[in-house]
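Asks: The hints should help you fit chain B onto chain A, whose structure is shown.
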Amino acid sequence: MNRIEKKLQEDKKLLSIYFTAGYPQINDTTDIIQSLEKEGVDLIEIGLPFSDPLADGPTIQQSSTDALKNGMSTAVLFEQLKDIRKTVSIPLIIMGYFNPILQFGVEEFCKKCHEIGIDGLIIPDLPVDVYKREYQALFEQYGLFNIFLITPQTSDERIRFIDAVSNGFIYMVSSASVTGAKSEFGNTQESYFKRISDMDLKTPQIVGFGISNATTFQAATKYAHGAIIGSAFIKCLNEKGITGIPDFIGSIR
Amino acid sequence: MNYNVDSNGYYGNFGGAYIPEMLYPNVEELRQRYLEVMNEPDFKVTFDKLLRDYVGRPSPLYFASRLSEKHGARIYLKREDLNHTGAHKINNTIGQILMARKLGKKRIIAETGAGQHGVATATVCALMGMECVVYMGEIDIARQAPNVARMKMLGATVRPALSGSRTLKDATNEAIRDWINNPVDTHYIIGSAIGPHPYPDMVTRFQSIISEEIKWQLKEKEGRENPDYVIACIGGGSNAAGTYYHFLDQPEVGIIAVEAAGKGIHSGESAATSILGKEGIIHGCKTLLMQSEDGQITEPYSISAGLDYPGVGPMHAHLYTSGRGEFYSATDDEAMHAGLELAKLEGIIPAIESSHAFAVFNHKNFKKDDIVVISLSGRGDKDLDTYINYFNL
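Chains as they are written, first to last, in this note's numbering: chain A, 1 to 253; chain B, 254 to 646.
Just chain A, same shape as in the assembly (with noise of 0.2 angstroms):
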């Protein structure tokens, strides 16, 4: 079974972690991953870092200039990750644009992700159709879940529709913004979270964007399953380093 799949038999609220392999130094990404682990996070999400990041705030902007900077690359990932699954158990999902991975070869690079451990890509230009007319059969002939995203502006229909195709979790977006953007919660995303909950869909979901602390992790996962943190945390190793990891997921809950 997918590790994303047992993991989410789990009767928990799932936190999962985003960051930017290659920052704040190149060769940090083993000991983030296996630091995270030991503090109990449930998900890691590592960030291939691309030079032109759409959906992406200044936060993860940042990380990922530097870490291009640093001299990250997809090859260097992957030989930095090679040996990760003798450590490490916890569900690992490569978050990147899709340029990098046309360039490095899609089968190319399911099979590396296969070879290695990872359970399943974050794609966000990677729309939901062209996946399905091209590179479905391939994602799961390598075991990778290919997790979508949706937004309070993606329609009911369509919503189905990536349910259908979807599986793992659904990455729930939480508001109208790049990562990193709000502060708190309000009433909009509330309805949002309970509308979504409502529609009783197959795939469990996941909360992103947004989440920075206790108080956002915790309205977050009221109804869905888990909540993602990207931008604070790498916040936190930006001032804290690798050592500030085991206070700032404990701040969480």
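Calculated directly from the structure, the hints in this document are not laboratory data.
What you are looking at is a predicted structure, and each value in this text was computed from that prediction instead of being measured.
Glycine included, every Cβ here is placed at the ideal spot set by N, Cα and C.
Check before you lean on any hint, since a few could be wrong.
[Unchecked claim] Cut-off 35 angstroms, straight-line C-alpha distance, at most; resulting in silico cross-link-like pairs (DSBU-like, lysine-lysine):
no., chain 1, residue 1, chain 2, residue 2
1, A, K38, A, K222
2, A, K111, A, K13
3, A, K111, B, K531
4, A, K194, B, K359
5, A, K82, B, K531
6, B, K359, A, K182
[As the list claims (entries may be wrong)] A short, non-exhaustive set of chain B residues, derived as facing chain A with CB atoms under 7 angstroms:
no., residue
7, Y271
8, P278
9, L380
10, G382
11, S416
12, I429
13, R430
14, I433
15, T439
16, G533
17, D547
18, G548
19, I550
20, N615
21, H616
Replies: Positioned in the frame of chain A, the structure of chain B alone reads:
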């Protein structure tokens, strides 16, 4: 072969809409409605009227006799430089602001490199009384001060793009992020034939007035609608798309594109995307783009701020790979001298973007009775500083 967009939004292998889900509702609404809106009689009437009374169309098709004599062909110039705001860009911004109104949008955003599209957008926003925010790379703001001032006079807010390389591609990223953050009331006026479907096709259709006029103007002057060649410079490719549009399916009309080779195609400082680019995704579109082996988008260079885009519109990527278009690239030096030559022979100072099209004569010989139409996409006022410094005027 089909050189126009197909029903899925592709030109051959290129195009499509590779966008994050956050943009889907806006882009999908546009995709479903753009053709229907463009075909509504009142839309057409308003569009045509503004092009005539406000932009000053039709733009003349001018027989350049001294240039013709020099290069041994019958050379016509399509004078987009005479449009209001000084370039072809306004054709598209007029069309898109009318589209935005039809879609009930209240707020306009745009990206700009040199500032020409930003000025054209700020202009139509002033005309329609709509809020306008233009994203411009921090570096471009510093080097294009007069256009920044123009936009401000026209009531637009100019926001610096501070990320990445702080030029056109980053301004485009920032505009896209603004659209993600403001999905309901905002329309994004993209300035070139790039971006997710339906943008390349919509921009092309608004610019297609260029080739529509060439056809009847040439009929009046030469007794035939089709020239032997149409020639345009290409950055993203909106003036080229408009110049080619009505000739795409006329095999007797040669289609010629001139890209910016900067300091030389392989100098590391170039914007010759068709030669240096590889297939990939940029700003929601599958096309040819300049990138590292790892798929990171690289920064192009050209002396002309309007041609240094790392990608090329999907129509042009298809014209290049299918062989329908002949692609050349002109260095800074060739373009600057071609601009100077046009000034001396015809009394017209072209925008440096357009000068690249005139550098075609360094690369291709025409027959004496070939009818050649060159898109003179913009005027050179904005580039005077560059001309002054280059030629020590």
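Asks: Against each hint, give a clear statement of whether it holds in the structure.
Replies: Verification of the hints:
1. Simply put, A:K38 and A:K222 have alpha-carbon atoms about 25 angstroms apart, close enough for the 35 angstroms limit, and the pair holds.
2. The straight-line distance between the Cα atoms of A:K111 and A:K13 is roughly 31 angstroms, inside the 35 angstroms bound, and the hint therefore holds.
3. With a C-alpha separation of about 23 angstroms, the suggested pair A:K111 and B:K531 falls inside the 35 angstroms cut-off, and the hint holds.
4. A threshold of 35 angstroms between alpha carbons decides the hint, and for A:K194 with B:K359 the separation of about 30 angstroms falls inside it, so the pair holds.
5. Our distance criterion of 35 angstroms between C-alpha atoms is met by A:K82 and B:K531, whose separation comes to about 29 angstroms.
6. Between B:K359 and A:K182 the alpha-carbon distance is near 23 angstroms, which keeps this suggested pair within the 35 angstroms criterion.
7. Against a cut-off of 7 angstroms between C-beta atoms, the interface hint on B:Y271 holds, since the closest Cβ of chain A lies about 5 angstroms away.
8. At its closest, the beta carbon of B:P278 sits 4 angstroms from a beta carbon of chain A; the interface hint therefore holds under the 7 angstroms criterion.
9. Residue-level restraint check for B:L380 is violated (minimum Cβ-Cβ distance to chain A is 29 angstroms; threshold 7 angstroms).
10. Checking B:G382 against chain A by beta carbon gives a least distance of about 25 angstroms; that is not within 7 angstroms, so the hint is violated.
11. Annotation: B:S416 was flagged as interfacial toward chain A, and the flag holds, the nearest CB pair being 5 angstroms apart, inside 7 angstroms.
12. Contact between B:I429 and chain A, as hinted, is supported at the beta carbon level, the nearest pair being about 5 angstroms apart and thus within 7 angstroms.
13. Hint status for B:R430: holds, given a least beta-carbon distance of 5 angstroms to chain A, under 7 angstroms.
14. Among the interface hints, the one on B:I433 holds; its C-beta lies about 5 angstroms from the nearest C-beta in chain A, closer than the 7 angstroms criterion.
15. Taking 7 angstroms as the C-beta contact cut-off toward chain A, the hint placing B:T439 at the interface is violated, the least distance being around 11 angstroms.
16. For the restraint placing B:G533 at the interface with chain A, the shortest Cβ-Cβ distance is roughly 5 angstroms, inside the 7 angstroms limit, so the hint holds.
17. The restraint placing B:D547 at the interface with chain A holds, with a minimum CB-CB distance near 4 angstroms, inside the 7 angstroms limit.
18. At its closest, the beta carbon of B:G548 sits 3 angstroms from a beta carbon of chain A; the interface hint therefore holds under the 7 angstroms criterion.
19. Because the closest C-beta pair between B:I550 and chain A is about 5 angstroms apart, less than 7 angstroms, the hint holds.
20. A least Cβ separation of about 33 angstroms between B:N615 and chain A goes past the 7 angstroms threshold, and the interface hint is therefore violated.
21. With 7 angstroms as the threshold, the beta carbon of B:H616 stays out of range of chain A, its nearest partner Cβ sitting at about 30 angstroms, so the hint is violated.
When the structure is compared with the earlier hints, violations turn up for hints 9, 10, 15, 20 and 21 and for no others.
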